[in-house]
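Novice: Work the whole structure out from these sequences, hints included.
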Amino acid sequence: MNISIKRTSPVNGASKMLKVVIDDSILSDMTVQNLLEYITCNVDPSLAYYCHSVCEHGVCKRCILKVNSKTVLACTTRVSSYSHLNIEPADVGDVVRDLVVCFKK
Amino acid sequence: MKIVHASASHHAMLFAFVAQEVVNAFGPPGGKALRYAVEQYGKKRGQIMAQNVDPENDSANNVLLFDLFREWELFPGQQECLTSKEEGELSVTCLRCPWRTEWTASGMAEYGKYFCGYIESALFEGFGVRDGGLTANWLQGESNCQFVFKGEAYTRFNYEKYEAKKQLLNGRFAVSWEELLSFFFHELRSVVVSTFSNEGEAALSRALDRYELRFGTTARKLLLSDFRQFEQFDDTLVESPAMGTGIFPLQEISRMIETEILVVGGSGAAVSAAVVASEQGRDVLIISKGEIGNSGNLLLAGGGFSLDGYSARHELGYDADDSFTQDDLFDCLIKEGFYLNDQDLVQLYVEKGPAAVKQLLDWADRAHQKILFLRNGTWIASGKCFARALVQGVREHPSIRRLEDCVLLDLLTTNGCVTGALALSLMTGEIILVRAKAVILATGGFQPFHIHNTVSDVTGDGQAIACRAGAELVDMEFLLFMPTALDPPELRYSIYPFVFESNLPNLHYQFLDRDFCPLDIPFALETRFRGKKISKLVNSYLFSQAQMQEKTTDRGGLYLDYSANSFTVKRQSLSLFFDRFSQWHKRGYYNGESLDNVEQAILNDVPLEIIAACEYSMGGIQVDSMMRTSVTGLFAAGEVTGGTFGACRAGDGIVEMLVHGITAGEQASKYCSECKWLGELDLDQISELLIRYLRFFNNKGGISSLQLFNDIQSVCDEKFRILRNETGLKSALDQIKQFQLHLDEMCSLNCKEHIYNIEWLRALQCDNLLLCCKAGILAAIERRESRGFHFRSDFPKVDHNNYLLKYYSSFHDGILTVSRRKPRLTQNQVRFPKGTHASIMAYLTDPDLHYKR
Ligand SMILES: Cc1cc2nc3c(=O)[nH]c(=O)nc-3n(C[C@H](O)[C@H](O)[C@H](O)COP(=O)(O)OP(=O)(O)OC[C@H]3O[C@@H](n4cnc5c(N)ncnc54)[C@H](O)[C@@H]3O)c2cc1C
Ligand code: FES
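Heads up: the sequence lines are chains A and B, in that order.
Offset between the first sequence (1-based) and our numbering: plus 204.
Offset between the second sequence (1-based) and our numbering: plus 28.
Note that these hints are calculated values from the structure, not bench results.
Heads up, some of the hints might be wrong.
[To be verified] Here are the simulated DSSO-like cross-link-like pairs (lysine-lysine), alpha carbons at most 27 Å apart as the crow flies: (1) 220(A) <-> 780(B); (2) 223(A) <-> 614(B); (3) 380(B) <-> 561(B); (4) 780(B) <-> 210(A); (5) 265(A) <-> 380(B); (6) 270(A) <-> 614(B); (7) 561(B) <-> 579(B); (8) 274(A) <-> 780(B); (9) 223(A) <-> 210(A); (10) 614(B) <-> 265(A); (11) 862(B) <-> 880(B); (12) 614(B) <-> 308(A); (13) 386(B) <-> 880(B).
[Claimed, not checked] A few chain A positions that, by computed beta-carbon distances, are all more than 10 Å from chain B: (14) 229; (15) 265; (16) 271; (17) 280; (18) 287; (19) 295; (20) 300; (21) 308.
We treat Cβ as the ideally placed atom computed from N, Cα and C, and that holds for glycine.
Specialist: Here's what the structure looks like:
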């Protein structure tokens, strides 16, 4: 599967796309959150996505982001329901780095 | 509230910092200016003191009078003198004084030469003492300073009169150190600036930066304020950008915050503690890794919590069956905890539970949350619902300051007392220095497995941080497991199997092994413990037996089979479940996940794969019943502590977190009211810690912290999880030690930014998790028996004769050592049994246990 992830630098706010191709067999049981973990472990450890003190079961809503322009929870969204993935930060506040957003309260 | 921001130590260090900067910048003329300033200050203070002396006084001012009207007070122990009172001669030898102590400790004694000698002469001159003075000065090579006074005033009669008067005056003329310091700084400044103008100002500003780093922002602010307005100066503690000293690595600190009580954590234990402390008038700051009221295991709580029915009915006024009393609960918790509980903590849990629960229910009510009450004394809702109640609690106390997405890194201590903490703000990458009189750790449990149902990164931060700061850990070998989903994939690690078990009493189920054959389970186990607190233990025991007989699936699971029920019963039961749970979850969902596929599987008799996954840690920081740790000023509350539940938690994590939180809040407030000071920081310690955190940016080894984190979990999954044996545990320990070496020397970061750097956070967390794993595995090796959630295939017996003992870990010079002691008892103690039981189940089903549930 082709995956692209929008990355934003905290230093100058510049954005670029990280493009990754991952074999479908690896992705079969994954959520988007699992996929991001897989990418940081195996492809690019410098990628930032919200992953600290989170529930992983759709309760805390802190893993919110956009997949193919739709706002979703990364932990309950299954990768297998997509043919390609375009992952971006959610429009819920200022981007801190990559996919991490500082929520507006 | 009165917070004291200064002492003689501040006075000594202020002078040393100023003197060093001035002498470095201006050489001998700088020294001369300092001497002059000290003399001006001394003379003026001496004159001010003299104004208090009664003009009618019969004799000339002498040193006895000087002492009566002395402005400054020292702590007990700060000064020690030998006094010889002879007819006509008084001599005082000073063995210890705070100035000498401070300067020596910080290697700045050489600057004392601009102070000692001059200050005394000037004070005496100002006051009018003319019959003696300093005769020996330690700075000139004498072993101690000595003062000698000779004259008519020094008679036995006068000595006695002076003693009597001293009792009477009782320090009445003492002036606050804040005022003395501000006056002192004013004098130093006027001389230095008039002599060296702008460059003098710059030197003073450098000195102030260093003073601030050591004693805090308020202390600096007070120096600069007009002491005559002290009465109007309120005691608000401040937050400010730390003054970069330019000294590596202290310059890495971006911000400094001062508070009375620092509470760490964002869930039930933390909020309860912060609220109580704030209600008692304390200045409270919470820092939490996650969002407050939206992080921690509380969010995932599934079963609710309970009290004894008697208290629910008679203390809280609910329609509960009151046949189960506090005494019954006490007895059960200890027997179900396999007698390892500290019984004073159980007593606290039982007695304070009702009031603690009431507070949560009141918040929930005001936050419009629905909570279901059952007659057996149980309240049920969702974790989110309890968490919203906490948010209400915090909202009602707006004076509590908060920092979220902020990770505690370490505690700061000076001479065994807590003085503050270092924390990392994930969203800004800032390292924050917090100064506090007391710290309450409420950071939740620890679990080192991939196979878990907890929230993410339960890395034992609080436990490891406390242990590094000198506190003990206890019961770390006991981790609680419960049936958790592997199937269907969208519900992986959901606790719906457990929630079904306790909420669908009419639905029979059985466990099937890897070949889909039913496990051979004694009927007594199946029926007697179902839906009871102890069922998690019984089920985990079954998993351990299946694993021993190699009957588990490839993923270590078993199958859950509901096929013994008719279609109608299944349908009705599920429908009842959805009705009840749709109060808190979207209909047909449990938390954010759809139960559609589970429903279909159950209706069509398709077995669902489940596993015993980690939910809770019985072990943690050792506390007494006031939630004090062995480090002065450090308290702990909630799951981060150990001891309440012994080898098996048969009570509720939620009640524990509330009771502990309230107690810790009360006790920390009390401690603060007795302790006036924000403790002084140990800058060397701070530097060492900073270097430790930053080492990962400089390491070259190429080992990834993300990989290391996974490796730790894999080793623990395999060898430290539900079924343990000596060989496995020892090899796990070796691997954990190896991982620690990898982390220290070879773990490096690809990403060099401080802002939301996952690799860095993981590396810091690995440090904590490794310490907790080491403590747990060491204790598990030592415990050569089975007890509670510690199942040993090589030692299946419960052995009361040799193991009614708790294992404690403590950390000295980088080494973790284990010791053992008996559990603490109370007056109405449950007495210890003797003998052995063939297995954990033989213990639980022994009729002699007189088990009341
Ligand atoms: C799936 C599941 C179901 C459960 N169901 C129940 C139930 O039904 N009934 C019951 O009584 N108990 C239940 N428990 C147990 C109960 O949830 C916990 O015992 C309880 O939440 C502990 O509260 P706590 O405040 O001590 O810690 P937690 O609720 O775990 O909160 C810890 C807090 O500390 C913060 N933190 C952690 N590390 C740091 C750090 N380094 N710096 C700053 N902050 C930090 C976290 O962000 C979090 O806010 C369940 C647990 C799980 C996992
Ligand atoms: S991680 Fe909590 S909602 Fe996704």
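Novice: Hint by hint, say whether it matches the structure.
Specialist: So, going through the hints one by one against the coordinates:
no.: 1; hint: 220(A) <-> 780(B); result: 18 Å, holds
no.: 2; hint: 223(A) <-> 614(B); result: 36 Å, violated
no.: 3; hint: 380(B) <-> 561(B); result: 20 Å, holds
no.: 4; hint: 780(B) <-> 210(A); result: 19 Å, holds
no.: 5; hint: 265(A) <-> 380(B); result: 34 Å, violated
no.: 6; hint: 270(A) <-> 614(B); result: 22 Å, holds
no.: 7; hint: 561(B) <-> 579(B); result: 26 Å, holds
no.: 8; hint: 274(A) <-> 780(B); result: 31 Å, violated
no.: 9; hint: 223(A) <-> 210(A); result: 9 Å, holds
no.: 10; hint: 614(B) <-> 265(A); result: 15 Å, holds
no.: 11; hint: 862(B) <-> 880(B); result: 20 Å, holds
no.: 12; hint: 614(B) <-> 308(A); result: 25 Å, holds
no.: 13; hint: 386(B) <-> 880(B); result: 25 Å, holds
no.: 14; hint: 229; result: 14 Å, holds
no.: 15; hint: 265; result: 8 Å, violated
no.: 16; hint: 271; result: 15 Å, holds
no.: 17; hint: 280; result: 5 Å, violated
no.: 18; hint: 287; result: 19 Å, holds
no.: 19; hint: 295; result: 17 Å, holds
no.: 20; hint: 300; result: 5 Å, violated
no.: 21; hint: 308; result: 13 Å, holds
This entry does not satisfy hints 2, 5, 8, 15, 17 and 20, going by the numbered hints stated previously.
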